[in-house]
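A.B. asks: Assembling the complex is the task here: the two chains are given apart, and the hints tell you how they should meet.
Top line first, the protein sequences correspond to chains A and B. Quick note on full-length UniProt numbering: the first sequence kicks off at 1 and runs consecutively. Quick note on full-length UniProt numbering: the second sequence kicks off at 1 and runs consecutively.
What the hints contain is simulated information worked out from the structure, not anything from laboratory work. There could be a bad hint or two in this list.
[Unchecked claim] Chain A stretches covered by chain B per the calculated footprint, using a threshold of three residues with CB under 8 Å from any CB of chain B:
1. 30 to 42
2. 73 to 87
3. 115 to 123
4. 177 to 191
The C-beta atom is built at its ideal place from N, Cα and C for all residues, glycine as well.
Chain by chain, the residues run as shown.
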Amino acid sequence: MSDVEEGPADTVEEVTGTGIPIRGNDIDTDQIIPARFMKVVTFDGLGEYAFFDQRFDDEDNQKNHPFNEERFQGANVLVVNSNFGCGSSREHAPQALMRWGIDAIVGESFAEIFAGNCLALGIPTLTADHESINALQQWVDDHPDEELHVDVVRETVEYGSNELNATVDKAQHKALVEGVWDTTALMEANAAATRDVAESLPYIESESLPRVESDD
Amino acid sequence: MSEGTLYDKVWDEHTVTTLPTGQTQLFVGLHLIHEVTSPQAFGMLRERDIDVAYPELTHATVDHIVPTDDRSRPFKNDAAERMMEELEENVRDAGIEFDDPTTGNQGIVHVIGPEQGITTPGKTIVCGDSHTATHGAFGAVAFGIGTSQIRDVLATQCIAMEKQKVRRIEVEGELGPGVEAKDIILEIIRRLGTDGGVGYVYEYGGEAIENLGMEGRMSICNMSIEGGARAGYVNPDETTYEWLAETDEYADDPEKFERHKEYWESIRTDETAEYDDVVTIDASDLEPVVTWGTTPGQGIGITDPIPDPEEMESGDADVARRAQEHMRVEPGETMAGYDIDVAFLGSCTNARLPDLRAAAKVVEGREVDDDVRAFVVPGSQRVKAAAEAEGLDEIFTEAGFDWRDAGCSMCLGMNDDQLQGDEACASSSNRNFIGRQGSKDGRTVLMNPRMVAAAAVTGEVTDVREMAGVTLA
Numbered sequence: 001m002s003d004v005e006e007g008p009a010d011t012v013e014e015v016t017g018t019g020i021p022i023r024g025n026d027i028d029t030d031q032i033i034p035a036r037f038m039k040v041v042t043f044d045g046l047g048e049y050a051f052f053d054q055r056f057d058d059e060d061n062q063k064n065h066p067f068n069e070e071r072f073q074g075a076n077v078l079v080v081n082s083n084f085g086c087g088s089s090r091e092h093a094p095q096a097l098m099r100w101g102i103d104a105i106v107g108e109s110f111a112e113i114f115a116g117n118c119l120a121l122g123i124p125t126l127t128a129d130h131e132s133i134n135a136l137q138q139w140v141d142d143h144p145d146e147e148l149h150v151d152v153v154r155e156t157v158e159y160g161s162n163e164l165n166a167t168v169d170k171a172q173h174k175a176l177v178e179g180v181w182d183t184t185a186l187m188e189a190n191a192a193a194t195r196d197v198a199e200s201l202p203y204i205e206s207e208s209l210p211r212v213e214s215d216d
Numbered sequence: 001m002s003e004g005t006l007y008d009k010v011w012d013e014h015t016v017t018t019l020p021t022g023q024t025q026l027f028v029g030l031h032l033i034h035e036v037t038s039p040q041a042f043g044m045l046r047e048r049d050i051d052v053a054y055p056e057l058t059h060a061t062v063d064h065i066v067p068t069d070d071r072s073r074p075f076k077n078d079a080a081e082r083m084m085e086e087l088e089e090n091v092r093d094a095g096i097e098f099d100d101p102t103t104g105n106q107g108i109v110h111v112i113g114p115e116q117g118i119t120t121p122g123k124t125i126v127c128g129d130s131h132t133a134t135h136g137a138f139g140a141v142a143f144g145i146g147t148s149q150i151r152d153v154l155a156t157q158c159i160a161m162e163k164q165k166v167r168r169i170e171v172e173g174e175l176g177p178g179v180e181a182k183d184i185i186l187e188i189i190r191r192l193g194t195d196g197g198v199g200y201v202y203e204y205g206g207e208a209i210e211n212l213g214m215e216g217r218m219s220i221c222n223m224s225i226e227g228g229a230r231a232g233y234v235n236p237d238e239t240t241y242e243w244l245a246e247t248d249e250y251a252d253d254p255e256k257f258e259r260h261k262e263y264w265e266s267i268r269t270d271e272t273a274e275y276d277d278v279v280t281i282d283a284s285d286l287e288p289v290v291t292w293g294t295t296p297g298q299g300i301g302i303t304d305p306i307p308d309p310e311e312m313e314s315g316d317a318d319v320a321r322r323a324q325e326h327m328r329v330e331p332g333e334t335m336a337g338y339d340i341d342v343a344f345l346g347s348c349t350n351a352r353l354p355d356l357r358a359a360a361k362v363v364e365g366r367e368v369d370d371d372v373r374a375f376v377v378p379g380s381q382r383v384k385a386a387a388e389a390e391g392l393d394e395i396f397t398e399a400g401f402d403w404r405d406a407g408c409s410m411c412l413g414m415n416d417d418q419l420q421g422d423e424a425c426a427s428s429s430n431r432n433f434i435g436r437q438g439s440k441d442g443r444t445v446l447m448n449p450r451m452v453a454a455a456a457v458t459g460e461v462t463d464v465r466e467m468a469g470v471t472l473a
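Isolated chain B, as found in the complex (with noise of 0.2 Å):
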């Protein structure tokens, strides 16, 4: 068992009780809700006669359903606008803050939290959404839970678990030139594959990831359920604290930012911690990667050779095959030149400002191929205001890209943003699921925000650090 994580001492922290099941009554220091899954909880509170039991912990915002262009209400969509009203209904009947797109604070759950800093370390954070780990970036325990779960927090301010093991992933050495963040991730699944973290928390750390800012630690923790974990993080350090320090909650308190300091100070990992596996991973090899087939842990870096599934293990060559056929990619091909038909620059994994920025620098001067619908969608308000700040939907706009506005969009497809028929989509998103994208024949294909605007304007997968005059610092 692990001994002196932040983990465990999180874990201590918040333990309530053991309960007669043997799982830990664990409390809950932030629990967010969204449209999507939160509905059929209030539904069952309301059978049961239960009240929400700390209001103030919990916080709305929504973001799956939401339209990204027309958001005049009632939303265009019937669903859409009954799932909206539903949530609207319930945070006013509980008193749960909530951030609607009338506020300018509205967004995807996982960029609203972290920029108005409630999100912070060493807390316990639930959402029922499987890319809460994002949260563990700030050193918060952070993971995904179900609506019966949802159910359990609003009446309790609890979740019953059992304490998982704990992997140190230790990435060492300095990123090459356009390799980001989302590159590691998509590798460290590539390698642990799609259920290796089942059980398991993932602490990263190691020179690659101190050396990330808080929007990279992010992309990072943020896939770490597509690698099996359902709770990834980051210990807290002074990126951490500089960020959080500018933050609504903490920018005109500075005696509130010290006092709570000291306790995320406490709960990092002690130097001699017991881990219960190690993993070390070498960043300054990595290239930019991209999917080849329809799950996370089917990765490649951009010049290597699509894996041939006759010399994999059974169960795995089954699920390359099929993937392979559904994306009609031939082993020993590089995915360099995969038509596209789509870019999807957005979802909780990468479409925050740098992310926004990156993509904006290989843009600029260019033109979006002909043959390519290109839009970006900012993960929350604030980030899209910031970026129109700084010109970059200029940028976007000129090129031929949609700027839109706030959500999960096409990650998911819940809203109009949708592939269409067997559509190819570079996507900054998290999962390449068959069907993820709206249409069971769209194939996405996953990689960095860069490699996405490469993709956008020439029409095809493509290496961004060989695009000519592309600045990649």
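Chain A extracted, bound-state conformation (with noise of 0.2 Å):
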């Protein structure tokens, strides 16, 4: 079976559901997950060690983090502040944070490999000026209850009575509207012009490539 025949993956034109705010810029990928839970061949199990080193002390007692307060549990979606998700490149972050419940990410701004990252588990990131996200981790600090809704299809994040209006990067529209996120199957649609690029390409000696097999 091929998977380019399988249609278009799933769209994601909106998350509808509760809030969580994490406060604070430059919130990096250690503190996502530290690196000491990465010793491990899949990404199943992540989701209990998402912000650990925040969430818990050495004896393992809870501290004082939304990911750990009663009122938040079930939320889906996060509300963050700038440069969110810097530092390495795992994709362990994100999938630790999918894996705890989170489907769509708000905030002032996010570190390109998270964003990346994100797109391709078919989690939106939005971004909105500091002064609409302060509001919204403050609405929903009060309102941790009440769904908000991300409307990725008109970027927007509807909240109480209120909308913020949002941004989302152009290909990522493009990719969760339309469901073309699987960029495996998008890809494996062009091996042919793909060979071409490889064989035009002066510094790839033609032995490094594998061999065509209509020559055969």
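C.D. replies: See the structure below:
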């Protein structure tokens, strides 16, 4: 069976659910998931390690952290500040958040590799200005049981009686809304053109290329 | 939009097509893999019953979890052993070349590519590791990718991405004694911010960059991501070609060297190139830079006062306040005199031969402070062997350093080399994030290798330029 013929992946046009705020700029991937939890060969079970060192002390007692708070359990929209996800390229970071329950992230800005990793998992990353995000974080804090509506198509976040204008990166918008974020399948379809580029590159010796089956 | 830069040219050479998402399908000339971010990607391929498309263009090593002391198999740590076995199985099944520790070629992925000559100008290089920009020192367009993208590359030898803007960072002037490449990049990140490079590729140039050897250029490109830039590069020049001519790939094949050099020359940035942004920095003003906080952007000159959060914008001020609380430093103080418990000389930023040579000159004839545990983790087995051939290992061990095997080690604390409790570490690595070196209460002070050596012997952050009898040239 060929993935290419399976048709587009699921679209992610909107996410609805309760929110959870994580405040602070420059929250890095070592905070999102400490490296010692990455000695694994699958992503299974990473959810429990999300923000682990912020959530637990040396004796594994819970510390003050939104991910520990009863009122935020079940939340699926994470609201963050600027440069969220900076640092390592580890996909373990969005994997841990996703497996904890996060389906969408709204923030001031995201580190590039992190946002790309989120897209690969179908997690939209919407951006808005500092004031709007602060207001949204405050609202989520005050209304942990109320749902907000992240509209990827219209690039808005509706909460209470408010509507926040957010931005979804152009390629991300297209990928999620049209359901074409399975890049493996998209690019496999262009195998012949890929081969042409490989053969055109002066630094690639022909013996480094796989034999073409039709030559047999 | 930029035009005529190395990045523009390499992008065009490697473009396969435009995808329905609007992204470019970009061909990958070299895919480097290691044990931490690749196993899940191989798992995804198995789920879809897809083979590795271009196994000859992928190259594997083991660096993150590998022990640096006892490397006998099975590794003492079961999880590490399992990751190693998984990698061995994956590369065997796919027919991928693997520099395991028995080959003598093992090392940190960003050290071994350049030393073997597989990192070359004008090549697109990706790896599931954010410090992949290191390879940009050779004029490669190199960047870190996530595991789903590793799957893409294994399956198609391509990645889907949008073209970025190009910022030229012109570093003028001459470095003073004791000031190194590391100090230049820490200064760049301090000035432009940890997210200043988001959306950009950095082109480093100017007199101070051109005067650097390849190792210094690698230290600079390595930390591009700490300033938010996914990739950073230096245009290839004679320094680059001299390095390449001596590598495995080209030493015995001058004809191939000349053929490839034609391409390398062709992708250099044009004199008439246009950039999206240009930033100029004067390197002659720089002194050794050390970090006082918990992001690589929180750096200061060794004689400068730690900044006051009250004088910063609100977001930065919050980050700074938390950082100063964690590090237990006060605004107005300098970092000189800050007590150190551990000295770590290693990482993909600063564990190459000239780094070890420079540090050894500081250490020679001195002893590691009684309250400091100090160790050297060479970047690769080849670096280790070359250092031993010059007797550097003896200088370090006589002074009281541990002399270890190659790996990422305490840069990120995935093996047994970790900070304990609230230990403070003088580190030649690239990240001072809270928890980065294995302990959530650990404190990291980033600095250049000579400064690490100085801190090891004095037990505190020390201006190496002030140490008597140290040769800094």
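A.B. asks: Determine which of the earlier numbered hints do not hold for this structure and return their numbers in increasing order.
C.D. replies: When the structure is compared with the hints, none of them turns out to be violated.
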